[in-house]
Amino acid sequence: EPEVTQTPSHQVTQMGQEVILRCVPISNHLYFYWYRQILGQKVEFLVSFYNNEISEKSEIFDDQFSVERPDGSNFTLKIRSTKLEDSAMYFCASIGDRASEQYFGPGTRLTVT
Amino acid sequence: AQSVTQLDSHVSVSEGTPVLLRCNYSSSYSPSLFWYVQHPNKGLQLLLKYTSAATLVKGINGFEAEFKKSETSFHLTKPSAHMSDAAEYFCVVKAGNNRKLIWGLGTSLAVNP
Chain A
138 EPEVTQTPSH QVTQMGQEVI LRCVPISNHL YFYWYRQILG QKVEFLVSFY NNEISEKSEI
198 FDDQFSVERP DGSNFTLKIR STKLEDSAMY FCASIGDRAS EQYFGPGTRL TVT
Chain B
56 AQSVTQLDSH VSVSEGTPVL LRCNYSSSYS PSLFWYVQHP NKGLQLLLKY TSAATLVKGI
116 NGFEAEFKKS ETSFHLTKPS AHMSDAAEYF CVVKAGNNRK LIWGLGTSLA VNP
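Protein chains in written order, with this note's numbering: chain A, 138 to 250; chain B, 56 to 168.
Please keep in mind that the hints were generated in silico from the structure rather than gathered at the bench. Keep in mind that a hint or two might mislead.
Now the stretches of chain A that chain B is said to cover, found in silico as 3 or more residues with beta-carbon under 8 Å [stated by the list, open to error]: (1) 153-165; (2) 175-185.
Within a straight-line C-alpha distance of at most 25 Å, the following computed BS3-like cross-link-like pairs (lysine-lysine) qualify [to be verified]: (3) A/Lys-220 x A/Lys-194; (4) A/Lys-194 x A/Lys-215; (5) A/Lys-215 x A/Lys-179; (6) B/Lys-124 x B/Lys-104; (7) A/Lys-215 x B/Lys-97; (8) B/Lys-113 x B/Lys-97; (9) B/Lys-104 x A/Lys-179; (10) A/Lys-179 x B/Lys-123; (11) A/Lys-194 x B/Lys-123.
Over 10 Å on every C-beta distance to chain A, these chain B residues come out as not near it, computed from the model [unchecked claim]: (12) Ala-56; (13) Gly-71; (14) Arg-77; (15) Ser-82; (16) Ser-83; (17) Gln-100; (18) Leu-101; (19) Thr-110; (20) Asn-116; (21) Phe-118; (22) Thr-127; (23) Val-166.
Even for Gly, the Cβ is constructed at its ideal location relative to N, Cα and C.
Take these sequences, add in the hints, and give me the full structure.
The following block contains the structure:
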């Protein structure tokens, strides 16, 4: 069964460093999403991406964040200068069409020290 | 605006007894609703979804949920809890043209032997 994959599973970085979280969505999916979950809190929407551009972003998704689909398979989330409060689990999701449910990757745990 | 409220942050049941996890939603139009489960240190797995078809929705692992428009509820139930059901459960509503997911705070289910 096709699945969404994410790498790395755990990333530790120092405050102020740039990180890139990688996701490989299901191959024929068209809509892509990033969510984050701070420890002990609810899952929060960050950004949605369709047709090679951001279709919606939340207030959390400020200028420090960017997304890219550099090739036909990867979907990346970049945090330009990480802050302590960026420590969270980051989930990637993809969807084939608007009527379908979102398929989630296993997540990347980002720890900023 | 869409939102979900999970009425219990923590539920504890004995193995073999029924499970009830409560969720109320707010939506300005006919919603799509989901329950996701997250086992410790695991990703997010879809349990079941409601997308305006049958109001009683059956999911995986014996779970089901009933959509009640008059009560704006989408409670999750299971007749008999199993130890492996211990996890965090999220009620989710799909919102907006970009189909982002709005998450409840989650209910932690403990199953006692």
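Structure-based check of all given hints:
Only when three residues or more bring their CB closer than 8 Å to a CB of chain B does the claim for the segment 153-165 of chain A stand; here the count is 0, and the claim is violated. Judged by the Cβ-Cβ criterion of 8 Å, the segment 175-185 of chain A is covered by chain B as claimed, because 6 of its residues qualify and three suffice. The hinted pair formed by A/Lys-220 and A/Lys-194 meets the criterion: a straight-line CA distance of about 19 Å does not exceed 25 Å. With a CA separation close to 14 Å, the supplied pair A/Lys-194 and A/Lys-215 stays within the 25 Å bound.
Proximity of A/Lys-215 to A/Lys-179 is assessed by CA-CA distance (about 21 Å); at most 25 Å being required, the pair is judged to hold. Proposed proximity of B/Lys-124 and B/Lys-104 is supported: the alpha carbons are some 15 Å apart, at most 25 Å. Among the hinted pairs, A/Lys-215 with B/Lys-97 is consistent with the structure: their alpha-carbon atoms are about 23 Å apart, no more than 25 Å. Only pairs whose Cα atoms come within 25 Å are accepted, and B/Lys-113 paired with B/Lys-97 is accepted, the gap being roughly 23 Å.
Restraint check for B/Lys-104 and A/Lys-179: the C-alpha separation of about 19 Å stays at or below 25 Å, so the hint holds. With a C-alpha separation of about 24 Å, the suggested pair A/Lys-179 and B/Lys-123 falls inside the 25 Å cut-off, and the hint holds. For the given pair, A/Lys-194 sits about 31 Å from B/Lys-123 by alpha-carbon distance, which is inconsistent with the 25 Å threshold. Residue placement check: B/Ala-56 keeps its beta carbon more than 10 Å from all beta carbons of chain A (closest about 13 Å).
For B/Gly-71, the condition that its CB be more than 10 Å from all CB atoms of chain A holds, with the nearest at approximately 30 Å. Under the 10 Å C-beta cut-off, the non-interface status given to B/Arg-77 relative to chain A holds; the minimum distance is some 16 Å. Every C-beta of chain A lies more than 10 Å from that of B/Ser-82, the closest at about 16 Å, which supports listing it as non-interface. At roughly 17 Å from the closest C-beta of chain A, the C-beta of B/Ser-83 stays outside 10 Å, upholding its exclusion from the interface.
A cut-off of 10 Å between C-beta atoms contradicts the statement that B/Gln-100 is not in contact with chain A; the least separation is 8 Å. With a minimum CB-CB distance of about 5 Å to chain A, B/Leu-101 fails to clear the 10 Å threshold, and the non-interface call is violated. Remark: the non-interface label on B/Thr-110 is consistent with the geometry, its nearest Cβ contact in chain A lying 18 Å away (cut-off 10 Å). Here B/Asn-116 stays apart from chain A, with its beta-carbon at least about 16 Å from theirs, past the 10 Å limit.
Every beta carbon of chain A lies more than 10 Å from that of B/Phe-118, the smallest distance being close to 15 Å; the non-interface claim holds. No Cβ of chain A approaches the Cβ of B/Thr-127 within 10 Å, the least distance being about 19 Å, so the stated non-interface status holds. Look at B/Val-166: its CB is around 21 Å from the nearest CB on chain A, clear of 10 Å, so calling it non-interface holds up.
Going down the numbered hints, you'll see the structure goes against 1, 11, 17 and 18, while the others check out.
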